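Participant: Sequence:
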Amino acid sequence: MYLFKKPTGERIKRFLESQSQLELTYPMVGATKDGEHPSGFVVDHNRIHLGTGEATFNTAKEALLKWQHYRFDWLEIHRPKESLEAGQTVGVLARALGLWVLNACRIVYLIEEEEPVRRFAFAYGTLPEHAEAGEERFQVEWNREDDSVWYDLLAFSRPHQMFARLAYPYVRLKQKQFGRESKQAIKAAVTSRQ
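Okay, so the sequence shown: first residue is 1 according to full-length UniProt numbering, each after it adds one.
No lab work stands behind these hints: they were computed from the structure. All of these numbers come straight from a predicted model, not from anything done at the bench. Incorrect hints may have been included.
What the hints assert, rightly or not - Below 30 Å or equal to it, Euclidean Cα-Cα: the simulated DSBU-like pairs (lysine-lysine) are:
id : residue 1 : residue 2
1  : K183      : K6
2  : K176      : K66
3  : K5        : K66
Produce the entire structure from the sequences given, and follow the hints as far as they go.
Facilitator: In structure tokens form, the structure reads like this:
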């Protein structure tokens, strides 16, 4: 949804409710869980070292649960519940090219694994009123062999709406910016607590 004026909380709520029962807009739902993607999609993979040890992992996990990897001035996350759960519809509100762009996503899975690498992750997939079609996974992992903790962001996407197709070079710039800023935001969240 493209808007000239920032939407109110009530408008965002109604928008998310209208999207919540609709189907996802891409094949291979859940593919990012295993690092896969369907053909015909652009893949973005970003990764940053956060530190070492269990305390760093726990701090990074808590930061993900609080969406601190989304803390930058041109993008907001809107969710009806504080908790994170599969099936939940969330809104991503971006400011770009003088417009407000409200996109709808659904949490498609959560992962909490201990072996072989301890990891916590979740992914969301796009709904019909999203400019793009695809899936994005946000993951923190602790490799006990070398004690390293990493933030790993994996996404596959392609334009879904006409405006995204027409402005695709700009969309790609914003996707790359998101990857950089998400890494910086999670690193800052973890570092500030150590």
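Participant: Does each hint fit the structure? Answer for all of them.
Facilitator: Now for the hints, and whether the structure bears them out:
1. K183 - K6: holds (26 Å)
2. K176 - K66: Status holds; Cα separation ~22 Å.
3. K5 - K66: holds (27 Å)
No hint from the list above goes unmet by this structure.
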